[in-house]
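Student: From first to last, the protein sequence lines stand for chains A and B.
Following our numbering, the numbering of the first sequence begins with 1 at its first residue and continues without gaps.
Following our numbering, the numbering of the second sequence begins with 1 at its first residue and continues without gaps.
These aren't lab readings, by the way, just hints derived from the structure by calculation.
Heads up, a few of these hints could be off.
Said to hold, decoys possible - Restricting the straight-line Cα-Cα distance to at most 30 Å, the calculated cross-link-like pairs of lysine-lysine (DSS-like) are: (1) A:K17 - A:K62; (2) A:K104 - B:K140; (3) A:K62 - B:K63.
Said to hold, decoys possible - To give an idea of the interface, some chain B residues facing chain A are shown, with a C-beta separation under 10 Å as derived from the structure: (4) C81; (5) A85; (6) S89; (7) R95; (8) V127.
This structure is a prediction, so every number in the text was calculated from the model and none was measured.
Heads up, the beta-carbon is just placed ideally off N, CA and C, and yes, glycines get one too.
Chain by chain, the residues:
Number of protein chains: 2
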Amino acid sequence: MPNFMEIAFQEAEKAAKRGEVPVGAVLVSASGEVLAQAGNETEAAHDPTAHAEMLVIRAAAKKAGSARLGECDLYVTLEPCAMCAAAISFARLRRVTFAAYDLKGGAVEHGPRFFTQPTCHHAPEIVGGVEEQRAASLLKNFFEERR
Amino acid sequence: MPNFMEIAFQEAEKAAKRGEVPVGAVLVSASGEVLAQAGNETEAAHDPTAHAEMLVIRAAAKKAGSARLGECDLYVTLEPCAMCAAAISFARLRRVTFAAYDLKGGAVEHGPRFFTQPTCHHAPEIVGGVEEQRAASLLKNFFEERR
Numbered sequence: 001m002p003n004f005m006e007i008a009f010q011e012a013e014k015a016a017k018r019g020e021v022p023v024g025a026v027l028v029s030a031s032g033e034v035l036a037q038a039g040n041e042t043e044a045a046h047d048p049t050a051h052a053e054m055l056v057i058r059a060a061a062k063k064a065g066s067a068r069l070g071e072c073d074l075y076v077t078l079e080p081c082a083m084c085a086a087a088i089s090f091a092r093l094r095r096v097t098f099a100a101y102d103l104k105g106g107a108v109e110h111g112p113r114f115f116t117q118p119t120c121h122h123a124p125e126i127v128g129g130v131e132e133q134r135a136a137s138l139l140k141n142f143f144e145e146r147r
Numbered sequence: 001m002p003n004f005m006e007i008a009f010q011e012a013e014k015a016a017k018r019g020e021v022p023v024g025a026v027l028v029s030a031s032g033e034v035l036a037q038a039g040n041e042t043e044a045a046h047d048p049t050a051h052a053e054m055l056v057i058r059a060a061a062k063k064a065g066s067a068r069l070g071e072c073d074l075y076v077t078l079e080p081c082a083m084c085a086a087a088i089s090f091a092r093l094r095r096v097t098f099a100a101y102d103l104k105g106g107a108v109e110h111g112p113r114f115f116t117q118p119t120c121h122h123a124p125e126i127v128g129g130v131e132e133q134r135a136a137s138l139l140k141n142f143f144e145e146r147r
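All chains, please: the whole structure from these sequences, using the hints.
Tutor: This is the structure we're talking about:
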């Protein structure tokens, strides 16, 4: 099995080089096939919804010809925000593995804790904090260079 | 000033005719220009993120060449979900006017009440319940016909 989080990190690093907040994501099928991989594109695309998670969900759903991706797993370098958490729920993803925790904008372990809400109709399995330090350093360096 | 909610209703009605959950949205500039209008497209586009609100935000941001739409107002026939509420916050919209309350999936007055969370960094002015009965009937009829 490939290291899917490594692919997500490569996408995050590519995003940083483009001047985007360095977050990367990969969507993987039940059989371990990479369906989509992407880095954050909000600046280049002039699209406030173009988070890495949204891009891979949209691409994989288009490829699958279905808005639901029931057996698929997401790997992402940062704890998803409320927008992405709700999209993950709508897409019925099976598992979400993320690296850094996002105290300021995360919506899985912070803020709205979306998947615990009574208005959340599907909650994936969650694995948080995988290679947390690497992802946190990537973000910290990015913002420090821009000060 | 045109009746922007009426345009949102027309989009919702068109969505229903396409077999989509009938929700429509309009994004309006500070000067009252309609920047984008859309109905829900999740089924036809095979895109779990293709809620009416997301479509108009994405289209208007692309048109404006900016991920931020600071002086713009959104009119939508249903209380936004967490995904759309977070996107509204990222786009820095000025005001959100919605028709029906969504007890099952809404994230403005229900569930996560996203705009009240400490992890929400911009909250628009909110006007809820405008022509609530009309929007609720549209949704009720749509789901009854599909039983």
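Student: All hints, please: hold or fail.
Tutor: Right, here's what the structure says about each hint:
no. : hint            : verdict
1   : A:K17 - A:K62   : holds, 27 Å
2   : A:K104 - B:K140 : violated, 38 Å
3   : A:K62 - B:K63   : holds, 24 Å
4   : C81             : holds, 6 Å
5   : A85             : holds, 7 Å
6   : S89             : holds, 8 Å
7   : R95             : violated, 17 Å
8   : V127            : violated, 21 Å
Consistency with the previously given hints fails for numbers 2, 7, 8, ordered from lowest to highest.
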